[in-house]
Amino acid sequence: MPTNFTVLPVEDSPLSEPDYDGHILKEEDKEEPDTVAGPYSGENTPRETSSLISTDHDDSIYGKNMALYEDEMDSTPMVSSLLNKLANYTNITQGVIEHEEAESEDGIQRVTVNGPQMGTFIGVFLPCMQNILGVILFLRLTWIVGTAGIMEALAVVFMCCICTMLTAISMSAIATNGVVPAGGSYYMISRALGPEFGGAVGLCFYLGTTFAGSMYILGTMEIFLTYIMPTANLFKDEPNWMQNNMRVYGTCCLATMTLVVFVGVKYVNKLALIFLSCVVLSIMAIYAGVIQSAFKPSNFQICLLGNRTLQNSKFDKCLKTEVIDNVTHPTELWKLFCKGDFYVNASCDEYFTNNNLTEIEAVPGLLSGVISDNMWGHYGQYRAVVEKKGQSSERVSDNTDDDILLPYVLNDISTFFTLLVGIYFPSVTGIMAGSNRSGDLRDPQRSIPTGTILAIVTTSFIYISCVVLFGACIEGVVLRDKYGDSVKKTLVVATLAWPSSWVIVIGSFFSCCGAGLQSLTGAPRILQSIARDGIMPFLQVFGHSKANGEPTWALLLTAAICEIGILIASLDAVAPILSMFFLMCYLFVNLACAVQTLLRTPNWRPRFKFYHWSLSFLGMSLSLSLMFVSSWYYALVVILIAGCTYKYIEYRGAEKEWGDGIRGLSLNAARYALIKLEEAPPHTKNWRPQLLVLLKLDSELGVKHPRLLSFTSQLKAGKGLTIVCSVLEGTYMARGAEAKLSEQNIKAAMAKEKTKGFCHVVVSSNQRDGFSHLIQSAGLGGMKHNAVLVAWPANWKQSESSLSWKNFIETIRETTEAHQALLVAKHIDTFPTNQDRLAEGTIDVWWIVHDGGLLMLLPFLLRQHKVWRKCKMRIFTVAQMDDNSIQMKKDLQMFLYHLRLDAKVEVVEMHAGDISAFTYEKTLVMEQRSQMLKQMQLSKTEREREIQSISDESRNSIRRKPCGQKPSHNNKLQVPTVILDEEPQLIHDRNTKSHAILNEKPTPTSDRVHMTWTKEKLISERNRQHREANMPVRDIFNMKPEWENLDQTNVRRMHTAVKLNEVVVNKSQGAQLVLLNMPGPPKNKGGDENYMEFLEVLTEGLERVLLVRGGGREVITIYS
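Numbering that gives the first Met the number 0 applies: residue 0 is where the sequence shown begins, and numbers increase by one.
Hints in this document: simulated from the structure, not taken from any laboratory. One or more hints might be untrue.
[What the hints assert, rightly or not] Restraint-style ranges between C-beta atoms, simulated for each label pair:
#1 Val279 / Leu233: 26 to 36 Å
#2 Phe416 / Lys295: 33 to 43 Å
#3 Lys269 / Ala572: 29 to 39 Å
#4 His759 / Ala838: 29 to 39 Å
#5 Ile674 / Tyr381: 54 to 64 Å
#6 Asp835 / Ala559: 39 to 49 Å
#7 Lys869 / Lys646: 25 to 35 Å
#8 His328 / Ile563: 50 to 60 Å
#9 Ala838 / Asn602: 49 to 59 Å
#10 Leu233 / Gly368: 37 to 47 Å
#11 Leu639 / Asn667: 26 to 36 Å
#12 Pro296 / Trp240: 31 to 41 Å
Note that beta-carbon positions come from the ideal geometry of N, C-alpha and C, so glycine has one too.
Start from the sequences, fold in the hints, and give me the full structure.
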């Protein structure tokens, strides 16, 4: 049947008007809360929990057309509302948002800030150009070309540019995979790799940016002190005068720049265009100079003595002598090499005397053919003289110490290829300048890839062309002259400039200043972003900022770290440090893209399509290789810093779920491992206890026995799986919230006890079914539990219901059926906590039957933990009358030797003796109680009365005496015995439910049986029954009517329990822990309560007991 829809006209909202600038919230608006709906209502309670869910719908329209969905409209909004929110989503910079919030808190006005409008060219391309082109281009590229040669210099440039290009491709894929909020590179890396990797890489990125600031400031001071104002040097006569000047002036420059940044970033942004103009003008001057050199050589000349280059800043003429008025006079150069009077007894340097002076052009020009001389490298040692290859020279004896004092151009450091890589790499950093401005871009997903890749292509062309042009235009010895000493202390690249060398000197100076200010502006914001994420608690103080969003504390820390780089006072030493940090950052950017691509997560849908996981792996490998090529020891230090940061965040950091790729990688790895584990059962050598811990909760849903979790963590030396579970009775619909609360409580208890594992609480109709389902289905695939740990039901006799011990026995049966081991901790509340340290004592193992070797493996695992580490291990085994106990002991010692277990061995002999009256009495009371519980199904009052009558009847029957009985007068002492008055034991279970009808049986009569005890046996029995010493005493000759009717199987089992308990208590009463083989439950469920009595008797008198039942397979082996 067709449905008629009515189209309603929508009035134009004020937002559609062109002059609308946002709502102005005035004082009188506060009195009309229904008229103006702000984002908050009440006491700072947000009305909306998501920026993409709108609840401001018109109930009248939705009520007519969408009544079917009206109940869920708040949580699942209409598509139109969602699209409206997405269309109006704006990306405002962090500082602007804070400024807006500060205005709102005053309650005076709230203004709508227009979204950022920066495009690709202004927002990404130019910032990347400004950061990439800088200090290395002007101060070190000529030296790198002269030292490495054109071919090797091209290899250096090519490797570094390829690394940054591959990184930019990976970064573009990450940046276009969704909206990139303000936060830039750190945000992208952390959200792609998770908080641990993100924090480590973010810290490396921050330190790299900070040390970049140090490098730019050192470059600025080098230009100022060497080329602009050499007279400003404060230290001239000291050995390291240049470094000391750099430290003093660098610190002053850092303080000035920090003050400028502190006053306001807006001033830095206003100067950014000026600094960028200086860079562009300087590069244009270089290209203009290259063209000009092809037609007209420059005016710079260099002076060579033989083939050695001289510093011409101290002399004007490249002559040894000069003729003035027909008189030969020594020149200033002669005075530098000779001592004494020129006319009488002058002594000159041997090399100076034997070689001639030659003056050549510093910049021969593009067509001079000098490119062939500069094609290959000329590496030199520290303080080696810069020499021109192919120039005639007469060698003399090596006087290196004297050469230092002479005006030669010397190498200030030893040069080699890998060093040049580390020094050059900072010149290609800065590719993330555009992504750091993601909050200011109109369309980050389009601008970041386009602008960054275009900037890298442009700068790579500039660097490659400069390498070729420098080698083709400038003389090789001048290129290797780092500080321009051979060209009168002129910047080497400035000798090529047109129209004047000062264009490049001044341009490079302001370029370095601008780059330093940009570093001091960007680094504190990176640190602030890390601190505000809360992944490193000790950085929280650096997340605070001024009202306008300026990170004050982060700026101070950045300045302090930057000062460390300035105190190094060498641009060549600082450059490899920041290269390491940036390379580590680039490595993880490529790793993030590769991981996301290979995982093929549904959310990985970048708009940038020109990427591939192989390119990311190549970029990652290249970054790692460049780290170790540049400086292997710096690389190890940076990796250590990143590793320590990773482990710190993992250990102390906040839990963050960012949907990162590392978590997806973990899921894939876990899936793969589970599938592999499923293929075959684990070998005995790989067996370890995978524990399913069955907990009980108290009335407040808290953990009833937290020591069970402590014991679990102490058993985890095997590093196996731990699943902690509990069961709530009821239905999931009714108790779902309580189940979640219980899980939180258990997780809190696990964290407190340092138990690592998984937690799960199920809701079932009864506990029996819940535990059964957990035993059957807990775990996944090959990662399933193989052992169950439970606590002994301590009050099973006093409980009003028999379900506690019945559930316990059924758990034993099901673990046996599932071929799983069972560990039952008795008196669990007396077990040590993780904070306890057992100074001495023993762990006693009573190896009665062999059920897989778990009994011997558990003490070994416990002793790996610091709680049990000082305890000794003892193993007891029981020998029968026909066993050779001596040979058993030797065999057991050899077995333990092959198992590599250190334990003391003892064989205990148990003689076959008569069954004692105490055993009969315990069996009698046990069967009477069992019979009563099975037959009675009465109300509480009737049960009390019935149990009382049964116990009275039992006691009277036992105590009656036959007529005419006379005492015996033989040599053996006929004595009365202590009879167990079981009335309290019967009464305290009077509330137990039974499921049968009372069916009394007549007590048969038979002849009397005379039993004679010795005095020693009587005393032994009395000592064992000290709790019942005050009970009534009766004669033992009249018990035959009850004893003859006992089940002989129960008598024999009780006899075993009593005798074994005597032996265990005698040997292990003082042990810290006793491990016993746990006997299996009876096949006939009718004897379950008898089974509980047997276990009680078996473990009576022991403080801490762990009953162990094997899973039916070997868990320990003697083979390697």
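ask   = Against which earlier hints does the structure fall short, listed by number upward?
value = none
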